[in-house]
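Protein chains: 4
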Amino acid sequence: MEAVKAYELQLELQQVRELRKTLELKMKELDYAEGIITGAKSERKIYRSFSDLLVEITKEEAIEHIERTRLAYKREIERLRGKEREIMEKLSKLRV
Amino acid sequence: MEAVKAYELQLELQQVRELRKTLELKMKELDYAEGIITGAKSERKIYRSFSDLLVEITKEEAIEHIERTRLAYKREIERLRGKEREIMEKLSKLRV
Amino acid sequence: MEAVKAYELQLELQQVRELRKTLELKMKELDYAEGIITGAKSERKIYRSFSDLLVEITKEEAIEHIERTRLAYKREIERLRGKEREIMEKLSKLRV
Amino acid sequence: MEAVKAYELQLELQQVRELRKTLELKMKELDYAEGIITGAKSERKIYRSFSDLLVEITKEEAIEHIERTRLAYKREIERLRGKEREIMEKLSKLRV
Numbered sequence: 003m004e005a006v007k008a009y010e011l012q013l014e015l016q017q018v019r020e021l022r023k024t025l026e027l028k029m030k031e032l033d034y035a036e037g038i039i040t041g042a043k044s045e046r047k048i049y050r051s052f053s054d055l056l057v058e059i060t061k062e063e064a065i066e067h068i069e070r071t072r073l074a075y076k077r078e079i080e081r082l083r084g085k086e087r088e089i090m091e092k093l094s095k096l097r098v
Numbered sequence: 003m004e005a006v007k008a009y010e011l012q013l014e015l016q017q018v019r020e021l022r023k024t025l026e027l028k029m030k031e032l033d034y035a036e037g038i039i040t041g042a043k044s045e046r047k048i049y050r051s052f053s054d055l056l057v058e059i060t061k062e063e064a065i066e067h068i069e070r071t072r073l074a075y076k077r078e079i080e081r082l083r084g085k086e087r088e089i090m091e092k093l094s095k096l097r098v
Numbered sequence: 003m004e005a006v007k008a009y010e011l012q013l014e015l016q017q018v019r020e021l022r023k024t025l026e027l028k029m030k031e032l033d034y035a036e037g038i039i040t041g042a043k044s045e046r047k048i049y050r051s052f053s054d055l056l057v058e059i060t061k062e063e064a065i066e067h068i069e070r071t072r073l074a075y076k077r078e079i080e081r082l083r084g085k086e087r088e089i090m091e092k093l094s095k096l097r098v
Numbered sequence: 003m004e005a006v007k008a009y010e011l012q013l014e015l016q017q018v019r020e021l022r023k024t025l026e027l028k029m030k031e032l033d034y035a036e037g038i039i040t041g042a043k044s045e046r047k048i049y050r051s052f053s054d055l056l057v058e059i060t061k062e063e064a065i066e067h068i069e070r071t072r073l074a075y076k077r078e079i080e081r082l083r084g085k086e087r088e089i090m091e092k093l094s095k096l097r098v
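Keeping their order, the protein sequence lines are chains A, B, C and D.
Residue numbering for the first sequence follows our numbering, starting at 3 and increasing by one per position.
Residue numbering for the second sequence follows our numbering, starting at 3 and increasing by one per position.
Residue numbering for the third sequence follows our numbering, starting at 3 and increasing by one per position.
Residue numbering for the fourth sequence follows our numbering, starting at 3 and increasing by one per position.
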């Protein structure tokens, strides 16, 4: 019974970690995009994707979008880290 | 036997829910795109993705596409909600 | 033993079917793109995606790409249909 | 016990292989993009995708990105090949 419980927790931990890493990667990509957009070179065209549509947006709209998304990602990553710690505690108790 | 059946139903319920949430998210994104496209700012270029190709479309084509897609999504989300109710009923009968 | 075998075949059948449906959907999207590209309206800009890059291509390049991809998809869909028939035969023998 | 171990190794091998094939496919796509970008035709516009944003980049930036990504992919593909060999050795020992 405990082995099954531990296995389920391991699986959950793995899923939470993958989700967190995906968000961290997306955040890194947005940081990189911000660097390019605000960099020295003259204006670049920017598009934002919405489902299967790409809509042209301005530099200002892009930066605002990045900042807002970054905040949302940070909160979510923090929440996932908390969940990881929680699961690991449960796992360590099972193993005692 | 009943535990296995309940487990399978739980799994199916989860899949149907994820599919519904994905559609709801896509619908939200299209709503957002529509807001930007029809908003105050002067014309924006728009592309629509088809597999690995992006083809420029007009504002009118984009709006028509959004409206049609929204209708299709709404119908599908309704259908999935019905399926969720169905599965939950089966589950509650198993537990009685 | 036979139940396990049947279950594995069912799973394989499902995966092959999903793959085929994904290809059919992509082919439909390319057909649609071709309709738009070759349609009445004046020239539209077209991009093709390669991993994380989008590169502008001409109308002629797009049509050539669609035709070649369509042929490749058709062959693959045919192959998958054959595999589906094969698996279903195996399943029907197991059930006899 | 050994059957379970072999099954887990098989699963891991499959996942590593799929990951490697995905990277090989992405590398091929970037090679193809490079061919188009550096080809005879006059300048093409290029965009790079970062999460849900597409940012216009120059031909030089695109080529630099492709070269750097190719190196990173090659290293990762090599690492995954090593892992595949490792898993296959473990499997062959189990079967002895």
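These aren't lab readings, by the way, just hints derived from the structure by calculation.
Misleading hints may appear alongside valid ones.
One copy or two, either will do: identical chains are not told apart, so a pair holds if it fits within one copy or between any two.
Stated by the list, open to error - Think about it this way: if two alpha-carbon atoms lie no more than 20 Å apart in a straight line, the pair counts; the simulated EDC-like pairs of lysine to aspartate or glutamate are:
(1) Lys-43 x Glu-63
(2) Lys-76 x Asp-33
(3) Lys-7 x Glu-45
(4) Lys-23 x Glu-78
(5) Lys-76 x Glu-66
- Item | Numbers of unmet hints, in rising order | Structure breaks hint 3 only.
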